[in-house]
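Colleague: Sequence:
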Amino acid sequence: MASQIPENVVIEYGLVSFADVCNKKTLISDTVKVNDLFLDSWWFAIRTRWLKLSIIDYAKYVQKHWNTYNVIANMDTNSIEETIENQEFLEKETGKYILPVYHWEDFVKWDYKWFEEFCEKYNYIGLWGIAGSHYKKEFIEKYFNFCFTIWKKYKTKFHWFWVTSDYFLKKYPFYSVDSTSWLSGLRFMTVDYFKQWKLYSMNAGECRKLLWIDIAKLPRAEKVRRSLDARKKYNEYMTKLHQAKWMEYRL
9 MASQIPENVV IEYGLVSFAD VCNKKTLISD TVKVNDLFLD SWWFAIRTRW
59 LKLSIIDYAK YVQKHWNTYN VIANMDTNSI EETIENQEFL EKETGKYILP
109 VYHWEDFVKW DYKWFEEFCE KYNYIGLWGI AGSHYKKEFI EKYFNFCFTI
159 WKKYKTKFHW FWVTSDYFLK KYPFYSVDST SWLSGLRFMT VDYFKQWKLY
209 SMNAGECRKL LWIDIAKLPR AEKVRRSLDA RKKYNEYMTK LHQAKWMEYR
259 L
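Residues are numbered in the working numbering as their position in the sequence shown, beginning at 1, plus a constant of 8.
You may find that some hints are simply not true.
Okay, derived cross-link-like pairs now, BS3-like style, lysine-lysine, Cα gap no bigger than 27 Å in a straight line [stated by the list, open to error]:
| no. | residue 1 | residue 2 |
| --- | --- | --- |
| 1 | Lys-178 | Lys-161 |
| 2 | Lys-121 | Lys-163 |
| 3 | Lys-41 | Lys-72 |
| 4 | Lys-179 | Lys-240 |
| 5 | Lys-129 | Lys-179 |
| 6 | Lys-241 | Lys-165 |
| 7 | Lys-225 | Lys-179 |
| 8 | Lys-117 | Lys-161 |
| 9 | Lys-129 | Lys-60 |
| 10 | Lys-161 | Lys-203 |
| 11 | Lys-145 | Lys-206 |
| 12 | Lys-150 | Lys-129 |
| 13 | Lys-206 | Lys-241 |
So the derived label-pair ranges between C-beta atoms look like this [as the list claims (entries may be wrong)]:
| no. | residue 1 | residue 2 | range |
| --- | --- | --- | --- |
| 14 | Asp-237 | Glu-128 | 24 to 32 Å |
| 15 | Lys-203 | Val-116 | 34 to 42 Å |
| 16 | Lys-150 | Glu-99 | 42 to 50 Å |
| 17 | Lys-206 | Glu-89 | 17 to 25 Å |
| 18 | Lys-225 | Asn-131 | 43 to 51 Å |
| 19 | Thr-76 | Lys-121 | 30 to 38 Å |
| 20 | Lys-68 | Tyr-245 | 36 to 44 Å |
| 21 | Lys-225 | Asp-65 | 44 to 52 Å |
| 22 | Lys-121 | Lys-225 | 55 to 63 Å |
| 23 | Lys-41 | Gly-103 | 35 to 43 Å |
| 24 | Ser-87 | Lys-161 | 21 to 29 Å |
| 25 | Lys-240 | Tyr-175 | 15 to 23 Å |
| 26 | Asp-38 | Ser-87 | 30 to 38 Å |
| 27 | Gln-71 | Tyr-130 | 15 to 23 Å |
Since the hints were derived computationally from the structure, they do not count as laboratory data. For glycine and all other residues, C-beta sits at the position ideal for the given N, C-alpha and C.
Full structure from sequences and hints, please.
Modeller: And the structure:
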């Protein structure tokens, strides 16, 4: 795969999963240069895939590879008590800034005080818990309205894990976001296309119809280049809108 990536490709912001590191998967940072790299424990994968990874394993990796990453997230869990314990353990073991993570489930459980205390203590926090859910828009808005009400008080920067929705990205001033869906074009060999402030992923037939491009005949490296260019334009638009940095997972 690495040999098929266009030469001199540089991605401004990228995200690596600790679960993928341990599974020895090809990471985006292995194939292209990433200027600003984010490490996520990806507890969701650990929980749903039954991966046997511990907070001790994570702390050892962080200690060894700290200089590789610009941001390192906490290993959050379904338990707010365990999440706080992990935060304190990582900070003690590494002596570094660890990005705390607040969940939708914490909000539903009325754990408001914990969130405000973290906004007062930290200047950068991750928000998680909406990905793959079937919550109605009004419920998600209630969650974010609460978070950004606190934001007005402390001006804490928020990272939203696993987001694709243009609606929420344009409505709320997230500092950074990430989504594997934005890489679907590379996985299924379609090509990404940026138009009227939106990012689309199209198959060969749609490309011929809308762009007069037969992507089936294009070399893989050219498909990758077109997708990276489209996502770069989308990232520039979101950054100009309200400084939302766009994170990628892997190729």
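Colleague: So, for every hint listed, does it hold in this structure?
Modeller: Evaluated hints:
1. Lys-178 x Lys-161: holds (21 Å)
2. Lys-121 x Lys-163: Given pair Lys-121, Lys-163 holds - Cα atoms ~17 Å apart, limit 27 Å.
3. Lys-41 x Lys-72: Satisfied, since the Cα-Cα distance of roughly 20 Å is no more than 27 Å.
4. Lys-179 x Lys-240: holds (21 Å)
5. Lys-129 x Lys-179: Holds, at about 25 Å.
6. Lys-241 x Lys-165: Judged against 27 Å, a Cα distance of about 23 Å means the pair holds.
7. Lys-225 x Lys-179: With Cα atoms ~39 Å apart, Lys-225 and Lys-179 exceed 27 Å; violated.
8. Lys-117 x Lys-161: At roughly 22 Å apart (the allowed maximum being 27 Å), Lys-161 and Lys-117 satisfy the hint.
9. Lys-129 x Lys-60: violated (31 Å)
10. Lys-161 x Lys-203: With a Cα-Cα distance of about 36 Å, the restraint between Lys-161 and Lys-203 is violated, given a limit of 27 Å.
11. Lys-145 x Lys-206: Status holds; Cα separation ~19 Å.
12. Lys-150 x Lys-129: It holds: about 23 Å lies between the C-alpha atoms, which stays within 27 Å.
13. Lys-206 x Lys-241: holds (10 Å)
14. Asp-237 x Glu-128: 24 to 32 Å: Between Asp-237 and Glu-128, where Cβ atoms are some 41 Å apart, the hint is violated.
15. Lys-203 x Val-116: 34 to 42 Å: holds (37 Å)
16. Lys-150 x Glu-99: 42 to 50 Å: Taking Cβ atoms as reference, Lys-150 and Glu-99 lie about 31 Å apart, which means the hint is violated.
17. Lys-206 x Glu-89: 17 to 25 Å: violated (41 Å)
18. Lys-225 x Asn-131: 43 to 51 Å: For Asn-131 against Lys-225, whose Cβ atoms are near 49 Å apart, the range 43 to 51 Å holds.
19. Thr-76 x Lys-121: 30 to 38 Å: This hint holds: roughly 35 Å between Cβ atoms.
20. Lys-68 x Tyr-245: 36 to 44 Å: At roughly 39 Å between Cβ atoms, Tyr-245 and Lys-68 fall inside 36 to 44 Å, so the hint holds.
21. Lys-225 x Asp-65: 44 to 52 Å: holds (46 Å)
22. Lys-121 x Lys-225: 55 to 63 Å: Roughly 59 Å apart at Cβ, these two residues keep to the hinted range, so it holds.
23. Lys-41 x Gly-103: 35 to 43 Å: Taking Cβ atoms as reference, Lys-41 and Gly-103 lie about 28 Å apart, which means the hint is violated.
24. Ser-87 x Lys-161: 21 to 29 Å: At 27 Å between Cβs, range holds.
25. Lys-240 x Tyr-175: 15 to 23 Å: Holds - the Cβ-Cβ distance for Lys-240 and Tyr-175, about 22 Å, lies within 15 to 23 Å.
26. Asp-38 x Ser-87: 30 to 38 Å: Once the Cβ atoms are compared, 33 Å apart, the range 30 to 38 Å for Ser-87 and Asp-38 holds.
27. Gln-71 x Tyr-130: 15 to 23 Å: holds (20 Å)
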